[in-house]
Amino acid sequence: MASFNVSKKITYLTLAGAALVPGGAFAQVVTEPIPVLPNDYPIERQGVADRYRPDYESEGLAVGPMQVRPQLGVGGAYTSNVYGAASGELDDFYLAVNPSLTVQKTNGGDNAITARFSGALRRYAEETRANETAFGGDIDSTFALGNNSFLQAGGSAHRYYERQDSGSFPTGALAPIRYSDLNAYLRARAGGSRVRLTAAVDIDRTKFSDAKYSDGQTIDQSARDRRVLRGSTRGEVSFTGSTFGFVELRYSDINYLRNFLDNGDANRDGKQYEVLSGVRLDSGKLRGQVAGGYVRRTFKAPIYNDFGGFALNGEVVYYASGLTTFTLNGYRNITESGDPNISAQFTTGVTAKVDHELLRYIILSGQIGYDRNTYRGYNRKDEIASVRGGIRYLMTRRFEVNAQAAYVKRTSTGAQFGPEFNRFEFGVNLVGKL
158 MASFNVSKKI
168 TYLTLAGAAL
178 VPGGAFAQVV
188 TEPIPVLPND
198 YPIERQGVAD
208 RYRPDYESEG
218 LAVGPMQVRP
228 QLGVGGAYTS
238 NVYGAASGEL
248 DDFYLAVNPS
258 LTVQKTNGGD
268 NAITARFSGA
278 LRRYAEETRA
288 NETAFGGDID
298 STFALGNNSF
308 LQAGGSAHRY
318 YERQDSGSFP
328 TGALAPIRYS
338 DLNAYLRARA
348 GGSRVRLTAA
358 VDIDRTKFSD
368 AKYSDGQTID
378 QSARDRRVLR
388 GSTRGEVSFT
398 GSTFGFVELR
408 YSDINYLRNF
418 LDNGDANRDG
428 KQYEVLSGVR
438 LDSGKLRGQV
448 AGGYVRRTFK
458 APIYNDFGGF
468 ALNGEVVYYA
478 SGLTTFTLNG
488 YRNITESGDP
498 NISAQFTTGV
508 TAKVDHELLR
518 YIILSGQIGY
528 DRNTYRGYNR
538 KDEIASVRGG
548 IRYLMTRRFE
558 VNAQAAYVKR
568 TSTGAQFGPE
578 FNRFEFGVNL
588 VGKL
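One gets our numbering by counting positions in the sequence shown from 1 and adding 157 to each.
Heads up, some of the hints might be wrong.
Heads up, simulated DSS-like pairs for lysine-lysine below, C-alpha to C-alpha not over 25 Å straight-line [said to hold, decoys possible]: (1) K428 - K457; (2) K566 - K538; (3) K369 - K566; (4) K428 - K364; (5) K369 - K538; (6) K510 - K442; (7) K364 - K457.
What the hints contain is simulated information worked out from the structure, not anything from laboratory work.
With the hints as extra help, turn the sequences into a complete structure.
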């Protein structure tokens, strides 16, 4: 039942995540591979934030063989620095509207199809140039093949916004940059309880709209548009019933849709190779996986120098008690840059989060994070530190109230330094579910 449990967990995580005030975590434009091995841990043990609470969870609507879960979040928030300016900051209030719809169909056993549709709208009171209208949809399917083997396939189409605390945000840009992302994947796993092999392939296309600058100019961002074809394979061996060792190989073919940059230089087409080895465990109060290895980025055009280095990917959850969960995440990898003068960048980050169930219907959360971006062929280093806290109040099966506050500080050093700013945000929203 592992793969069905994955689909069920995704459904509840989606509903819980949509309840938060948007803007707590600004996504960096990183087109990582679809995870070659999804988190198929037993659903019986969940963290405080992710736990299913039958007294406060809506079961949705039964429509024939499908389960439908509509949800709407509406709230208001304040930000002290709308455009991420180093000086002359402009603060403002904004209205946030977050509709979502999850549809799931199961055919018995491990077979399941889940579709999710969502929107994230921001409407500022005065700084309307920063308004956002994000939306998208995902579909995931799982087909059991027997003997602990399965096939998974899916795809997504989204409109996102790249904000100022993304490591790839272009220097000098003013408002968030709209971009679209299309993705399709296929994943298969075979093996038993001691040895198993997983393979995956996915294709991702990202396209950027023009950037707006403070002097009123718009800058064409089409040189960043790219298509990435990736393949991954992973072999696992069980040391004990709860501990696995694994080796994972990844290959990415990176093709920019424009052959040349605005200055006439060739674009940054190339390949990326990754070799990772690690441990996956689910024992006692600990659950998670940690992998380290080597990543290398090569370029088709000789004007760019190939480079590589240490890669890291890990998440460990500590179940301190039935009321408190600690989560530690760490990563280091090569990512694409939004600046045409930079071939690529190393992105390193760590986050530590604690979730505590004060009462059955009140969940407290706190998180600290640190990200560092170093830019290849460019004398620049950016650092982003953040502190976040939130309260989730479960009123009934149909309604909940959420409040969240966040502080973000971005600094940049080097001869060609990037954006620097401080920002404080606070927001409250009401979520209704059927």
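So, going through the hints one by one against the coordinates:
As the CA atoms of K428 and K457 are separated by approximately 8 Å, the hinted pair is consistent with the 25 Å bound. Simply put, K566 and K538 have alpha-carbon atoms about 14 Å apart, close enough for the 25 Å limit, and the pair holds. This hinted pair checks out: K369 and K566 have alpha carbons roughly 22 Å apart, not beyond 25 Å. Distance hint between K428 and K364 is fulfilled; the C-alpha atoms sit about 19 Å from each other, no more than 25 Å.
At roughly 24 Å between alpha-carbon atoms, K369 and K538 fall within 25 Å of each other, so this suggested pair holds. For the hint pairing K510 with K442, the CA-to-CA distance comes to about 16 Å; that is within 25 Å, so the pair holds. Of the supplied pair hints, the one linking K364 and K457 holds, its CA atoms being roughly 21 Å apart against a limit of 25 Å.
In the structure shown, no violation is registered for any of the earlier numbered hints.
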